[in-house]
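Knowing the structure of chain F, use the given hints to seat chain C on it.
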Amino acid sequence: MDTAIPRPSLAGSRFGGFIGFNLFTAIALGVGGFFLGAYIGGQIAAGKDYLIATDQNDVGVFLGFLFATIGWLGGLGFFNYPVKRMLGRPATVPVEQATGIGRYFRLSLDHKVIGIQYFFGVGAFFFIGGLNAMLIRTELLTPNERAWPAGQYLSLVGLHGTMMIMMTSAFILGPFGNYLVPLMIGARRMAFPRIEALTFWLTPLAGLVLMSAIAWNGFPTGWTGYAPLMDQARAGMDAYLFAFLLISISLTLIGVNLLATIIALRAPGMTWTRLPIFVWGVLSTSVLMVLAAPVLGAALLLGILDRSANTSFYIASGGGSAYLYENLFWFFGHPEVYILALPGFGIVLEILPVFARKPLWGYRLAVAGMLGVAFLSFFVWQHHLFVSGMNAGLRPFYMLTTELISIPTGFIFLNAMGTLWQGRIRFTPPMLFALAFFFNFLIGGLSGIFLSDVPSDVTTHGSYFVMAHFHYTIMGGLVFAFFAATYYWLPKMTGVTLDERLAKIHFWTMFVFFNLTFFPLFAAGFLDMPRRVSTYAPHLQTINDFVSVSAFCLGGSMLIFIANLVLSLVYRRIPAERNPWHSRGLEWQVPTPVPVHNFETVPEILAGPYEYGVAGAPPVARLRPTEVSA
Amino acid sequence: MTALPEPVARVPRHLRRIVVIWAVLTAIAVPLVVLVLGPHLPPGRMTAEAGAQVDANTVMTALITPIVLIILVYFGYTLVVFRARGSAIEDGAPVFGHAPTQTMWVAFTSIVVIALAAWGSYTLIVSAHGAGGGQGPNPIALPNGYQKSLQVQVIGQQWNWTYRFPSYGGVETDQLELPTGVGIELHVTSLDVTHSFWAYELGVKADAVPGVDNIVFVHPRKTGSFSIRCAELCGLWHGHMFQTGYVVSRDAFKSWIAAQQKAESKNQRYLPPYSGHYFPEPLRRAG
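Protein chains in written order, with the working numbering: chain F, 1 to 630; chain C, 1001 to 1287.
Where hints are given, some of them may not hold.
As the list claims (entries may be wrong) - For lysine to any residue, the following SDA-like pairs were computed, each having C-alpha atoms within a straight-line distance of at most 25 Å: (1) C:Lys1254 to C:Ser1275; (2) F:Lys504 to C:Ala1088; (3) F:Lys84 to F:Ala191; (4) F:Lys84 to F:Leu198; (5) F:Lys504 to C:Val1080; (6) F:Lys504 to C:Ser1087; (7) F:Lys504 to C:Ala1084; (8) C:Lys1222 to F:His539; (9) F:Lys504 to F:Gly556; (10) F:Lys84 to F:Ile195; (11) F:Lys504 to C:Phe1075; (12) C:Lys1222 to C:Gly1183; (13) F:Lys504 to C:Val1081; (14) C:Lys1262 to C:His1240; (15) C:Lys1148 to F:Gly393; (16) F:Lys504 to C:His1040; (17) C:Lys1254 to C:Lys1266; (18) C:Lys1266 to C:Asp1174; (19) F:Lys504 to C:Thr1173; (20) C:Lys1266 to C:Thr1162; (21) F:Lys504 to F:Ala576; (22) C:Lys1262 to C:Thr1173; (23) F:Lys504 to C:Tyr1077; (24) C:Lys1222 to F:Phe526; (25) C:Lys1222 to C:Leu1037; (26) C:Lys1254 to C:Gly1224; (27) C:Lys1148 to C:Thr1173; (28) F:Lys504 to C:Val1073; (29) F:Lys504 to F:His539; (30) F:Lys504 to C:Leu1072; (31) F:Lys504 to C:Ile1071; (32) F:Lys504 to F:Ile574; (33) C:Lys1222 to C:Asp1251; (34) F:Lys504 to C:Leu1079.
Claimed, not checked - Partner residues are not named here, just some residues of chain C that face chain F (Cβ under 10 Å, in silico): (35) Val1036; (36) His1040; (37) Gln1053; (38) Ile1067; (39) Val1095; (40) Gln1102.
Treat the hints as calculated values from the structure; they're not laboratory data. All residues carry an ideal CB built from backbone N, CA and C; glycine is no exception.
Chain F with its partners taken away, still in its complex shape (with noise of 0.2 Å):
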C-alpha cells in the first residue's frame, strides 16, 4: 500500500481563518443585511393599506434578502476588487497561494478550487434535499396524514423538489465543468474568473434563502410555484422567489462563463472535432443556460412585483393571466430538465471509451445529438401544458416536437452501442455508474413518450406517472451520471484514491434500490394517485408502502458514498496516480495534484482524446516545447 498523502492543514494561525473576508464574515454580514432590509422595508410599508393588511410585510422581506446578498457578497470581499479600482489603487488579480483548507471557505479565483467548492456545496444541498424526500416518504407510508400535518408535507415538497432543481441545475457544470473544462481544452483559467467565483457563491446563499422559508413554515405551490397560489401564499413564498432568482442569475452566468472559455480559450490544435465530448456536453448546456435561465428570472421578477408591488401580472381578476406564469415558467423549465441530461450525456460519453478502450463510435453524431437536443428543447414547453385549455390547437405541433427530440436523444444511445461493440470491457465504479445511466435514461425517455402523446397523457399529466418520469431522467440520469463523473474524475481533483469496494457497493445498492423506488411509481401513476398529495386511495397502500421502504434503503446507500469520501479523504488518503484510469484525456496529462497554473507551458493539442488502438497515434498532447506526454 502506499504511503498516506498529508492532510492540508488549516492556515494561518488559530483564529486567523475566521476573521477577514470569509464565508463567516460573509454569514455575519447576511444575517445584519436582511435585519436591516427588514427594517427599512417596514418603515417603506407602514400606512400602504395593501401590504399592512395582510399579516406579512413581503417589501421588508425581499428587501431584507436584498441587503442580505449584497452583505454576503461584501463578506466574501467581492466588492473589494471594484472599490480599489475606483479608489485609483493599484488592484492585480491575486495569484492564488493559500494550500490549506481555508481557501475553499473564501473568495477564490482558481477554478480548482472552486470546482472543489462546488462539489462539496452543491452536494450538501443535494444531501438535504435527500432527506426532504425520506420525510414525503414517510408521511406516505399511511394513506392519510400521520407523519406530519398537510401543510408541513406540502412544504417538504415544495422544498425538496426547489432544492434539487436549484442544485443539481450545476451538479455537472458547477463542479465538473469549473474544474475540467479548463484542464480539457488546455487553458490555465476560467475567461472570466471572478464571474465563476459569483456563481458559485450565489449557489449557497440560495440555498440557505430556500431554507429560511421553514422559518414562514413553507411555501405551498411545490418547485413550479405557480401563480396565482403563489400570490396568495404566505411569506415562505418570497424565500422561493429570491432563491430561484438568485439561482436563474447564477446559471446565466455560469453559462456565459463556460461559453466564452470554450470559444475562446481552446489550446493550439484543440480543433472543434477535437474537443472532448464532454465539454460538448458542457457547450449545449451553456447555451441552454444562457438562453433559458433569464426568462425564469424574468417570471420570478413578476411574482415578486405582484406580491410586493401590488401589479396584478399573474391575477386574474387584475387583468393579468396564470397562464402568463405558466409560459415564462416552462418556457425556463422544459430547457432546465435538458440543463440536467444533457451534461450526463456528455459525462457518460467521455467514460464508455476509456473503459471499452475504444474510440468514441460516431462522435460528429453525438455532438450533432447534443446541439439537437439543445435547439429542440426550446419547443417544447407546452407539452406541460396539454390539459390546460391553452393554445389547444397547437398541441399536434408540441406533440411533434416533443416525440422529435427522441431522435437526437436515440443518437447518444447509438453512440454507446458502437462504443461498446467489441470492446475491452472493464467494469470499473465509473463505468458501472456510466452504463447504469443507459438503462433508467431508457426507461425514463420511453416513459416520456406517453406524456408527448396528448391521448397518453391526459391519462398520465399531473399523476406519479410524471413524477417517476422525470426522476428517472434526473435522478437514474444526472446523479448517476454525477456519480460517475465523482469516481472517475475526483482522484484527479482531490489527488486521493476512492475506495473501489465500497464504490461497488453504493453502486448496486443505489442501482437496485432506484430501480425498486421509482418503478412501481408508474404504476401508482397509472392507478389514479396525483402528485403532491398526503392522501391517497387505501388500494394503493401496498405500492406506497413498498416504495417509502426502498426509498429509505436508497437513502442509506448514499451513506455508503459518505463513508467511502470519508474514509478515502479523511483517514487513508492513498495518493491517487497522475492517470490511474490509463485515458487519453488531456486532464489526466498534468501531474496530480493539479499545479496552480495546470500547464507549465501552452500545450499543444496533437490528436483527439479517443485515439484507443489506433495503431501509431500520436500522444494526446506536446505538453511543453521539448517533451511529449505519454
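Chain C alone, transformed into the frame defined by chain F:
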C-alpha cells in the same frame, strides 16, 4: 468519421445472435403486452374518450417493448461477450463509426417518431375529439352533434368541486352525476387558484384556471362510479380534494337533477348568473 475496414472475423455471428434473441423475445413480449397487459391499462372504457386513452396507452406500450428489448439485449450481450478478463489493459478495435448504420438509425427513429406524432394528432383531433383533455374556450376538435350536448360547468375552488347545469336553470350541485347516451360538454373553471379536474374513469383531465372557460367533450358509454381528484397543486388541502361521481341512466339523471333543483332552490338566488367564469373578490393571502 471514416468507416475503417473492420476485422470481419466474428462480427456477423454476434449480430445475428443478438437479432435472433431480440426477435424471439419480441415475439413473446408484444402479444403478452397487447393481450394480457392491454386490457388493464388505464383508465378503462367508461367513456369513448377513456377508451381512446386505453388504446393510446396500449399502442405506446406495445411500441416501446421492442425498443426496450433491443437496447437491453444489445447491452447485455456486449457486456458479457466483450468483457475484458485479466488485469492487462488491451485496446479494442479502433472503429470510429459506421456511416450506413448511423444513417439507418437516424432514418428509422425519424420514421417511427413522425408516424407516432401523426397518429397521435389524428387520434386527438379527429377520432377522439380532444381525447378528454381540456381544449380551452374555443375547442377545435368538435364531436358530431356537439350542439346538442349537455353542458355542465365544473367549478374548482379551495378545496372542493361544485357543478352548475345551465340547461337546468343554472342549478349548482356539490356532486356530479352524468347521464349515458348523450354527449357531455364540461366547462371547467376556477374561483381562486389553478386546479385540475381529473375524473379518472371518465378519462377527463382539464385545468381549472381562474378567468378561463376550459371545455372538454366526453361521451359516457357505461354506468358506474368514477373518482374525481385535483391534479394540480392548489394549496393546503389539495390532497383532500376528491369526490366520487356517477354515470347513471337518462331517467335516473332526470330524477336526480329534479331533486337537486328542488333542494337547491332556496340557495339559487344567492348565486351569480351563470357565466363562463367568475371573479370573486381577490383574496391575497389564505395560508
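Do the hints match the structure? See the list:
no.	hint	verdict
1	C:Lys1254 to C:Ser1275	23 Å, holds
2	F:Lys504 to C:Ala1088	21 Å, holds
3	F:Lys84 to F:Ala191	22 Å, holds
4	F:Lys84 to F:Leu198	18 Å, holds
5	F:Lys504 to C:Val1080	18 Å, holds
6	F:Lys504 to C:Ser1087	18 Å, holds
7	F:Lys504 to C:Ala1084	18 Å, holds
8	C:Lys1222 to F:His539	23 Å, holds
9	F:Lys504 to F:Gly556	14 Å, holds
10	F:Lys84 to F:Ile195	18 Å, holds
11	F:Lys504 to C:Phe1075	19 Å, holds
12	C:Lys1222 to C:Gly1183	13 Å, holds
13	F:Lys504 to C:Val1081	21 Å, holds
14	C:Lys1262 to C:His1240	29 Å, violated
15	C:Lys1148 to F:Gly393	23 Å, holds
16	F:Lys504 to C:His1040	38 Å, violated
17	C:Lys1254 to C:Lys1266	20 Å, holds
18	C:Lys1266 to C:Asp1174	15 Å, holds
19	F:Lys504 to C:Thr1173	60 Å, violated
20	C:Lys1266 to C:Thr1162	17 Å, holds
21	F:Lys504 to F:Ala576	18 Å, holds
22	C:Lys1262 to C:Thr1173	11 Å, holds
23	F:Lys504 to C:Tyr1077	21 Å, holds
24	C:Lys1222 to F:Phe526	21 Å, holds
25	C:Lys1222 to C:Leu1037	22 Å, holds
26	C:Lys1254 to C:Gly1224	16 Å, holds
27	C:Lys1148 to C:Thr1173	22 Å, holds
28	F:Lys504 to C:Val1073	23 Å, holds
29	F:Lys504 to F:His539	37 Å, violated
30	F:Lys504 to C:Leu1072	21 Å, holds
31	F:Lys504 to C:Ile1071	24 Å, holds
32	F:Lys504 to F:Ile574	18 Å, holds
33	C:Lys1222 to C:Asp1251	14 Å, holds
34	F:Lys504 to C:Leu1079	17 Å, holds
35	Val1036	15 Å, violated
36	His1040	9 Å, holds
37	Gln1053	5 Å, holds
38	Ile1067	6 Å, holds
39	Val1095	6 Å, holds
40	Gln1102	5 Å, holds
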